[in-house]
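Protein chains in written order, with the numbering used here: chain P, 149 to 363; chain H, 5 to 197; chain G, 5 to 234.
Read the hints as simulated data drawn from the structure, not as lab findings. Cβ atoms here follow ideal geometry from the backbone N, Cα and C, with glycine treated the same way. Treat the hints loosely; a few may be bogus.
Facing chain G, a subset of chain P residues (Cβ under 8 Å, in silico) [claimed, not checked]:
no. : residue
1   : Ser221
2   : Phe225
3   : Ile226
4   : Pro227
5   : Gln229
6   : Val230
7   : Ser234
8   : Ile238
9   : Thr241
10  : Tyr248
11  : Ala252
12  : Val255
13  : Val291
14  : Ala324
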Amino acid sequence: MNKPTDKPGFFAALEDSPSADTFLRGLWKDNPVFVQVLGMCPVLAVTNTAENALAMGLATAFVLLMSNVLVSSLRQFIPKQVRIASYILIIATFVTITDYAIQAISVELHKSLGAFISLIVVNCLILSRAEAFASKNKIGQSVLDALGMGVGFTFALLCLGVVREVLGNGSIFGLALFPDTFQEWIVMVLPAGGFFTLAIWLLLFNILKQKRATT
Amino acid sequence: MKEESLWYIFINASLINNFVLAYFLGICPFLGVSGKLETASKMGAAVTFVMLISSVCAYGINAFLIAIGAPFLQLISFIVVIASTVQLVEMFVRKMSPALFRALGIFLPLITTNCAILGLALFQTQKGYGFVESLVYALGAGAGFTLALVLIAGLRERLDFAEVPSVVKGTALTLLIAGILSLSFMGFAGLGG
Amino acid sequence: MTIAPEKKDATGNSNKMLFAMVGIGLMCALLIVLTYEGTKPIIAKNKAAALEQAIFKVLPGTATTAGYVWTGEAFAPLDDTGADGKRIYAGFSESGELTGFALPATGQGYAGDIRVLYGYDPAQEALVGFYVLESKETPGLGDKIEKDAAFLANFEALSVALNADGSALKEEVQYAKSGEKENPWEIDGITGATISSRAVTEALSASTAEWVPKIYQTKDQFQPQSQSHE
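Based on the provided sequences and hints, a complete structural model is requested.
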C-alpha cells in the first residue's frame, strides 16, 4: 500500500521497510536524548567540546552495538530471571574494553572523557535497548537498532557539543571560528551551560512537535 | 599531595563539587523523581544509603583487585556490587514500608543505573581515599545529591502553581532551574580553604 | 503487612541460571583480559612518549632523558622493577651535558588535583620550566595557570637557591599577589584564579623544599644512559 507522500520513490519505499524503520527510529522518532530522555549524564557532562561529544557518542554507539549483538546472539540461553544481571555484565565488559581501547588510541582523549567512559555502563540507553529490543529480536535487526540509536545519540551529543564549544570557546573541533575579539560565553562550557543548552534544544524540539501536531 | 581534612572532603562532595550540579551524576533520577518534595527526600536517603555501602565495598574490592593484580576487573566488580546492594535495599524497603516502595516505583531498581553511585566508587578509587575518607566522601556525595534533589523538588512544586508555557513544561523547565542552581552553587568555591 | 511471595525456582531452573551466569562471566572475563594484555604495551608506550614530550617542554635544550627513583637514601636508575619512591627525570643535551631535572608535583586545586611537571637547573639554582600535566580547573578562570603569559613567565628563572650548607632552600617558593612580586623566589599569582595559582605555588613550594637539596647534593652522579623509563 503506497502511503500518500510527496517524497521520491526511494524514500517512500524506505519508509515502508521495517528494517529501515528500525534504523531510522533511533535518529528522530525515538531519539534517545530528545524523546526517550535516557542517558542524560554524559549528554551534559561530556559535551563541553564538539570533539568530546563525538568521541563519547561513538564510544557509546560501539558499546551499544556490541552489547546488542551479544545479547541477541545469547537470547535463547539467558534465563529470564538473570537477564538484567547478564546484560549488565556484558555491557560492563564492553565498556572496559572501550576504556582500554581509548587509552591506547589517545591518552589526551582519555583524560578529557575521564570517568565518563566507565560511566557508559550505567547509561540507561544501552540497558534499555538490550531489554526492549535485542533480547527479542534477531541479530541483524538488533544491529540496525543499535546503529540507529547510536547515531541518534551521537547526533544529540553533537547538537550540544557544537553549540557549547562555539559559544563557550569560539571554536569548533578545535578550529577557531571568530577573531580574537570574540568574548566567549564561559558559562557555556560550565555545568550550568550544559543544563541551559539541553533545555533550549528540548524546547525547540517540543515546539516542533507541537507544530506538527496542529498541522 | 596535601592531606585533605575530613571536613573538607565532606564540604567538597556536598557543595563545592556537588555530584549533580557540578559533576552531572545522577541526572536520570534527578529529572524523574524531583517532582514531589517527599519522594525526592526519600530517594535522596535511599541513594545515600546505597552510596555508603557501595563506598565500603568499593574500597575493599579495589584493595583485593590490586593485591591479585587484576585492576581491569574493577568496573565489573563495582557494578555487580552496586546491583546487589540495590537489590537488598529494594527488599528491605518493600518489607519495611510498602507505601514508600510504591511511591518510588521503578526508580528504586533504577538506582543501579544511577551514575552517581558508580561515579562515587570510581572517584574515590581514583583519588586514593582511605577507608574513613571514602565513607565521609560517600556521606558528602549523598548529602549533596539529596540537597540538589530537594531544592529542585521544592522549586518545581512551587512552579506547578505558576503559569508556564506548555512547551517549556516538564524536563526543559527542570533543566533550566538546574542550570541556575548550578550557577549559584559555584559560589561555594573556596569554601573550606 | 503484606509480604511479597518468595519466588521459588525449581532445581533445574537454578542450574540453568547458574550455568548461564558463570558462562557469561567467564566469557566476559576472557574478553577483558585479552584486551588488557593487548593494549598494555601500547598504553605504556603512549604514556612514556607523552611524559618525554613534557620533559622536553620544561627543560629547554634536552635531547635525551633518563629516569631515576628515590630509594630512601639515594637516586637509583629507574628500571622496570622500579622501587616506589619519588621519580625524577634527568635531561641531557645533544652533547651529553646535564640540562636539568624534571619533577612531577601535585596540588589541590579548585576542581581537583592539579598535576604539574617542573624543570630544575642546578647550574642556575632555579626552576626553568613549568607544564601542567593534568588539571580540571574551570575553563576561562582556573585554566589560566596553563595559558596566562604573565604567570608562565614566573617559571623562566624561579630562584630555588640553597643555603650555606646545602641542606635546605634559602628561601622557600612563595605566593605573591598578582603584580606584587618582589623577590625571585616568589610566584606572581593570577587575579581571578587565586585558588588555582595558589595550589600550584604550594605544590611547587613543597616539592622544591624537599627535593632540590637532595638533587643538588648528588647532581654529579647523573650521566646519560640508554634506558627506557616510564
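- Query: What hints, given by number in increasing order, does this structure fail?
  - Reply: Of the numbered hints given earlier, those the structure breaks are 1, 13, 14, listed in rising order.
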